[in-house]
Amino acid sequence: MNRKLLSLALLGSTILGGAAAADVTLTIESWRNDDLVLWQDKIIPAFEAANPGIKVKFTPSAPAEYNAVLNSKLDAGSAGDLITCRPFDASLALYDGGHLADISGLEGMANFSDVAKSAWQTDDASASFCMPMASVIHGFIYNKEAFAELDIKIPETEAEFFAALETIKADGNYIPMAMGTNDQWEAATMGYNNIGPNYWKGEEGRLALIAGDQKLTDAQWVAPYEALAKWGEYLGDGYEAQTYPDSQNIFTLGRAAIYPAGSWEITGFNAQADFEMGAFKAPVQNAGDTCYISDHTDIALGMNAASPNAEAAKTFLNWMGTSEFAGIYANALPGFFSLSNHEVAMEDPLAQEFVSWRGECESTIRSTYQILSRGTPNLENETWGASVAAIKGSKSGADLGMELQSGLASWYAPHK
Amino acid sequence: MKNSGIKWHVIVFLAPAVLVYTAIMIFPLFNTLRLALYTEVDQVRQFVGLENFRTLFGNPHWSGQFWNALGNNFWFFFIHMIVQNPIGIALAAILSHPRLRFAAVYRTAIFVPTILSFVIVGFAWKLILSPIWGITPDMLKALGLKWLYAPYLGKEEYALTTLALISVWQFVGIPMMLIYAALLSIPEEVLEAGEVDGITGFASFWKIKLPLILPSIGIISILTFVGNFNAFDLIYTTQGALAGPAFSTDILGTFMYRTFFGFQLQLGDPHMGSAIASGMFGIILIGVCIYLFGIQTRLRRYQF
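So the protein lines, in turn, are chains A and B.
Note that full-length UniProt numbering gives residue 259 to position 259 of the first sequence, counting from 1, and the numbers run on in steps of one.
Note that full-length UniProt numbering gives residue 108 to position 108 of the second sequence, counting from 1, and the numbers run on in steps of one.
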């Protein structure tokens, strides 16, 4: 009996302890476990200094498990107050399921453009449910020393790009390009969606595909697969079993000359590589063509609709719209570019190089993310497999286009 | 106590096991079967009968994946049956040889991988076979067999067999131990009687020991079958939920996981996932029934 009383008392104290404390504690769910230190050392202290009475805890889980873990936690009612949002449908489903609160009315929202908000809105843009945080830009990171050694200029056109790869391969000291197909997503994300926008003309092609005016069998959607097919011979020996961390290590150890990248690599590469790095954007077909870059809305923060600390959570979200947050975030995590309208000065040269393309080129987001990956088969996942097949040469671009088109047409009305 | 009709001690002793087993095995099993009959439309769960199964077997996208996974599963099982179990039996026969020295050392060494976590086994083998950091390419080169090397886990034609062999390496200790125990229980007199009749060496293994351990081999086969059709961990830790390259290592477990919990942009669908899980349950049930009624009842048992 005594033990029962004791355990009841203990149980009670945990509940009461939370409620009785003077401070409100906000818990943030996230997949960015790489950013734990940044949140603990920079963002959270800055927020807590400005907002006494609110404590913040950052509790990330592993990226691959995040969606599954978060869904289970939300269903069980044990999720945190603030929820890091994946772009588009994963978050839209949470909103439709009543798990994310409508935060369109927060004043912090005024600091973001419509494009920035589009990834976390209902299809008719009537409700926003996450405060945009950052986007990532695709391109290629290269080893400046290797390029100087082999006297290679930064390739602007596709012909120059393959000529550069050929030069590196002929020299034999460096693996021309560090990428593997084991984990599949790199082929699609850093391959297809990196070089693709130059073919389908960015937003123009992406929106036409969503509207059903263009098909995946059209030349502009097939051509990137044909370009990828030429990549295979420039990837290292055994690239078929090379994983994502393998590629990162090969490049930062100085064994490869070019790394098809997303800007999120910058922080890690700065820490690992002891040679100078530069970046160039995806090559265009002919010199002087308009260039398009993938400037993908990647991460945002929303509010758990069931949060007991809604007021504090709103305070935090509003603070995220300030230039203070944008400055801390962009500089602590070079490569995650602020989506807000504030002018943010960045110090990292590599990050500056990436972000400078916004001025020269048209921005677009990954073609498969909005609406088109809503059904089964899922276009994004199919694109992973298709990009790998293209690189390995196991299927032709035309065949891949046909397969993807028939998969999409099987469930997406504008393509039926 | 003797006179009371209800044997309370039986109930008391059984209760914990029955309750725990019901809560974590039986209830979820039936709930999964039930979930497979529903679907979700606009956040509302609706009863649809066998519609999910019709999609699973009728829609070419779903059925293609299902048959691919099932085929891979049979291949996975086949490799275990022709590699793991014969090697296990051979090892047990060697270990039970009375004149073998250090038998306990070998026995332990071979059994140790069985108790390792899948994550460790998967990661270690991924590194061993890695084209970049692995020791396999260099070792083969030193032996002059470089041409034998391929990035096995990245090639569609080798990946599944490679994974099956890794799994064999990990679990060969189990058939070995079971057979070893069966071999030790064969009485000396039987073997001696055989010797008197001129049956020694290999002949005594084939003619006396093997028939006597057949029931154990049956049990091992069915354990292998159930284990392989429930397999998931090794594939998931080495190849991820998409079971690459190009779904060549996709088995029912990974297919179910991907469908049930969702993957990347694909949202989870617990109802289709349950339909696949029900399919797996059905296949295992059929397999076990074939064994129980078709094979086990025909095995001859000997009493000593």
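Simulated from the structure, these hints should not be mistaken for laboratory data.
C-beta: ideal position from N, C-alpha, C; glycine also.
Be careful, since some hints might not be right.
[As the list claims (entries may be wrong)] What follows is a list of derived Cβ distance ranges for each label pair:
(1) A:Gln272 - B:Gly144: 45 to 51 Å
(2) A:Asp237 - B:Leu210: 35 to 41 Å
(3) A:Glu160 - B:Lys155: 55 to 61 Å
(4) A:Glu107 - B:Asn59: 44 to 50 Å
(5) B:Pro86 - A:Pro414: 55 to 61 Å
(6) A:Asn270 - B:Arg45: 47 to 53 Å
(7) B:Ile24 - A:Gly98: 37 to 43 Å
[As the list claims (entries may be wrong)] Distance condition first, Cα-Cα at most 35 Å in a straight line; then the derived DSBU-like pairs of lysine-lysine:
(8) B:Lys7 - A:Lys169
(9) B:Lys7 - A:Lys395
(10) B:Lys7 - A:Lys230
(11) B:Lys126 - A:Lys230
(12) A:Lys153 - A:Lys42
[Said to hold, decoys possible] Not close to chain A: a few residues of chain B, all C-beta gaps over 10 Å, as computed:
(13) Thr114
(14) Ala181
(15) Leu267
Structure versus earlier hints - violations, ascending order: 1, 2, 3, 7, 8, 9, 10, 12, 15
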